[in-house]
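Colleague: What follows is the residue order along each chain.
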Amino acid sequence: MSALQLAASTGISGNLGAVAYGLAAIGPGVGIGLVFGHSIEAMARQPEAMPIIRQNMFLGFALCEVLALLGLVVPFIFS
Amino acid sequence: MSALQLAASTGISGNLGAVAYGLAAIGPGVGIGLVFGHSIEAMARQPEAMPIIRQNMFLGFALCEVLALLGLVVPFIFS
Amino acid sequence: MSALQLAASTGISGNLGAVAYGLAAIGPGVGIGLVFGHSIEAMARQPEAMPIIRQNMFLGFALCEVLALLGLVVPFIFS
Amino acid sequence: MSALQLAASTGISGNLGAVAYGLAAIGPGVGIGLVFGHSIEAMARQPEAMPIIRQNMFLGFALCEVLALLGLVVPFIFS
Amino acid sequence: MSALQLAASTGISGNLGAVAYGLAAIGPGVGIGLVFGHSIEAMARQPEAMPIIRQNMFLGFALCEVLALLGLVVPFIFS
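Chains as they are written, first to last, in full-length UniProt numbering: chain A, 1 to 79; chain B, 1 to 79; chain C, 1 to 79; chain D, 1 to 79; chain E, 1 to 79.
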């Protein structure tokens, strides 16, 4: 069997780092959705509390987002 | 068959540690979103209870985050 | 074909123990978020019940966390 | 080519039993969080029903936990 | 090169049956948590309906649990 034929036989290529980011994006994706969903419902019920809600909404968004961005950096640490 | 040719044939590369972090980030990502989402709704309804809410919100955030950061450290333990 | 050259050809490295911890951290991550999220909402509505809530909150947190920490220990059992 | 040299060449190591426990811990982790989260909210609203709530809370916790502990035992059955 | 030596050379060990149980336990773990969580909240609100709630709670628990126990038996069917 020549090497060229073997190459054609395993059709998958790529780096596990991309899979790692994909997995790390699942949780924050749901989490940010929960933060904004609850915030919007709270805003609609108490429009006068909007400044407090907005401030905490972006705080929650940022702290969720960090987990996904770490998933982008981590493959470089382990490579 | 030369080894170099075989190398080109298996296209996947990377370290399972990155995948492990990706998996460990799913749960805390959803968990932090739940903590902030419920906290924001509680703040909007009871603005006078904001100091208690905020204090417990950051407690919950920190205890969730720990699980994700452990996922960053664990691959070094098993390597 | 030398073995060393083959080693360079399979690009994935790492230990399944780290993946196992990553998987075991998903559930507790969501679970701790649920416990804290519901507790904070309960605290905001019934501030006078805070001692009971806090006591059960940490009970729930500890019993969730155990599952993740078991995931850290289990790979050593099976190795 | 000796087999020992090939062993060193595949970079993944570990036992699937640890992965099995990790998967089995996902569900109970979320489940225990749901049981405690709903119990704490019920306690805050009806503090006089606390003995009934606590009794059923620990019943639900135990029946969830069983699934995770089975995940610890199962790899020994199949090995 | 003998096949036996190659078997020893790949660093992963274990049986896929354990992984199958692990996957099968995810759903019931969450499901049992939902059944108990909602039942406890219903008990606290209508304590006089407790016999009916408990009876249906255990019915829901048993029908969830069956799926996880099937995951324990299925690998023997396919072996």
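It cannot be assumed that every hint is accurate.
Far from chain B by the CB rule (all over 12 Å, computed), these chain D residues [stated by the list, open to error]: (1) 12; (2) 13; (3) 18; (4) 26; (5) 30; (6) 37; (7) 45; (8) 46; (9) 48; (10) 50; (11) 54; (12) 58; (13) 69; (14) 73; (15) 78.
Partner residues aside, some chain C positions facing chain D, computed with beta carbon under 8 Å [unchecked claim]: (16) 13; (17) 20; (18) 35; (19) 38; (20) 46; (21) 52; (22) 56; (23) 57; (24) 58; (25) 64; (26) 69; (27) 71; (28) 72.
It should be emphasised that the hints constitute simulated quantities derived from the structure, not laboratory data.
Please read these numbers as outputs of a predicted model, since none were measured by experiment.
By construction, the Cβ of each residue, glycine as well, lies at the ideal position given by its N, Cα and C atoms.
Colleague: For each hint given before, does the structure comply? Return the numbers of the non-compliant ones in rising order.
Modeller: Those not satisfied are hints 1, 2, 3, 4, 5, 6, 24, 26 and 28.
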